[in-house]
Amino acid sequence: MCANAIVDFESECLVMRIVTYNIQYGIGLDGQYDIVRICDAVRDADIICFQEVTRGFIRNAGADMPAEIEGHLPNFFSSFHAATDIDMLSGFVEGRAANRRFQFGNMVLSRWPIAAVRGHLLPRTARENALNLQRGALEALIKTPDGPLRVYSIHLDHVSSVERLSQVQAVRAIADEYAQTGGAITGAQEFGLPVKEEDGGYLLLGDFNFEPGSDEYAEMTSGDVIDAAVEATGWTWVLPEDRRNTKRLDHIFANSLLSSKCHSPRIDHEAVGSDHMPVWITLSA
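Residue numbers (my numbering): 744 to 1028.
Treat the hints as calculated values from the structure; they're not laboratory data. Backbone N, C-alpha and C fix where the C-beta goes; we use that ideal spot for every residue, glycine too. Keep in mind that the hints are not guaranteed to be accurate.
Claimed, not checked - Okay, the calculated beta carbon distance ranges per label pair:
(1) Gln912 / Arg870: 14 to 22 angstroms
(2) Asp807 / Asp773: 21 to 29 angstroms
(3) Asp807 / Ala916: 27 to 35 angstroms
(4) Ala869 / Val779: 36 to 44 angstroms
(5) Gly935 / Thr976: 45 to 53 angstroms
(6) Ala841 / Ala1028: 45 to 53 angstroms
(7) Ala927 / Ser999: 19 to 27 angstroms
(8) Gly943 / Ala840: 42 to 50 angstroms
(9) Gln877 / Asp807: 13 to 21 angstroms
(10) Leu982 / Gly930: 47 to 55 angstroms
(11) Asp967 / His815: 19 to 27 angstroms
(12) Ala1028 / Arg870: 23 to 31 angstroms
(13) Ile928 / Asn818: 20 to 28 angstroms
Produce the entire structure from the sequences given, and follow the hints as far as they go.
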């Protein structure tokens, strides 16, 4: 068991601290790139979901954010999925290929090993009049001391409600049909690997770019899925140029197998490493 994890001694069960944080390619409310303050804001978590993680991006001087995050959080296992991956003036230097790419996606970090991951590409349509990056959902099956836990680090479109609705439907289908699709691997015993078992519970975390009351929110919370952080008060995004402009765009959703185990939601408004705020819950076994 992780030394930093919380234990409820009355019930003798593990209580995991879980956080989602859109880190806006490392640039904070002051306009400065600082990966250390981002890592410091979530260092006490047991499971971390990041969005807007980049490599080779012009706005942060081409930083390799996954490598930097891993360096500053050395006690975490991690996985990065680049939903967007495009060339950025690759060429030849002294006769050797220099591969320069812009990668943009989601990351999951855990104090416990990550048994399996899948990077899902979400629906999108061509949009010429406004930025439209390929969005994704990173699925991670984490080997916690209380058994496998399935989480998704998700980032939806920021412009079109129609596109977001199709992405919500895709995310729900991916999560709900996990047993039918078999996750990342089935028949693993053929390679001498352990069978990955889980009970069907899942958490959907991330920057969904919709607010409570929207059609997308209603679609996401249909059926047996609830907003696990609904009792946390306040906004999760702020416009740096006008701090009066705020929205609640970041959420944590849980299906019925986990919803009763989620408690103590909060939004960290002290964090300044991004235009988004970390959203936390604790999960009891």
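Query raised in the report: When you take the CB atoms of Ala869 and Val779, is the distance between them in 36 to 44 angstroms?
Result: 38 angstroms Cβ-Cβ, so the 36 to 44 angstroms window holds.
Query raised in the report: Does the Cβ pair Leu982, Gly930 satisfy 47 to 55 angstroms?
Result: 50 angstroms, holds
Requested in this report: Confirm or reject the claim that Ala841 and Ala1028 have a C-beta distance inside 45 to 53 angstroms.
Outcome: 49 angstroms, holds
Query raised in the report: Would you say the C-beta atoms of Asp967 and His815 sit inside 19 to 27 angstroms of each other?
Result: 37 angstroms, violated
Query - Gly943 paired with Ala840, Cβ distance criterion 42 to 50 angstroms - result: Given about 45 angstroms between the Cβ atoms, the range holds.
Query raised in the report: Does the hinted range 13 to 21 angstroms hold for Gln877 and Asp807 at CB?
Result: 20 angstroms, holds
**Report entry** Beta-carbon spacing of Asp807 to Asp773 - inside the hinted bounds 21 to 29 angstroms or not
**Finding:** Since the Cβ atoms of Asp807 and Asp773 sit about 22 angstroms apart, the hinted range of 21 to 29 angstroms holds.
Query raised in the report: How does the Cβ-Cβ distance of Ala927 and Ser999 compare with 19 to 27 angstroms: does it lie in that range?
Result: 24 angstroms, holds
Report task. Using the beta carbons of Asp807 and Ala916, state whether their distance is inside 27 to 35 angstroms or not. Result -> 33 angstroms, holds
Requested in this report: For the range 23 to 31 angstroms, tell me whether the beta carbons of Ala1028 and Arg870 fit it or not.
Outcome: 43 angstroms Cβ-Cβ, so the 23 to 31 angstroms window is violated.
Requested in this report: Take the C-beta atom of Gln912 and the C-beta atom of Arg870, compute their distance, and say whether it sits inside 14 to 22 angstroms.
Outcome: 19 angstroms, holds
Query raised in the report: Taking 45 to 53 angstroms as the hint, is the beta-carbon distance of Gly935 and Thr976 inside that range?
Result: Holds, since Gly935 and Thr976 (Cβ atoms, about 50 angstroms apart) stay within the stated range.
The structure does not agree with the numbered hints 11, 12 stated previously, though it agrees with the rest.
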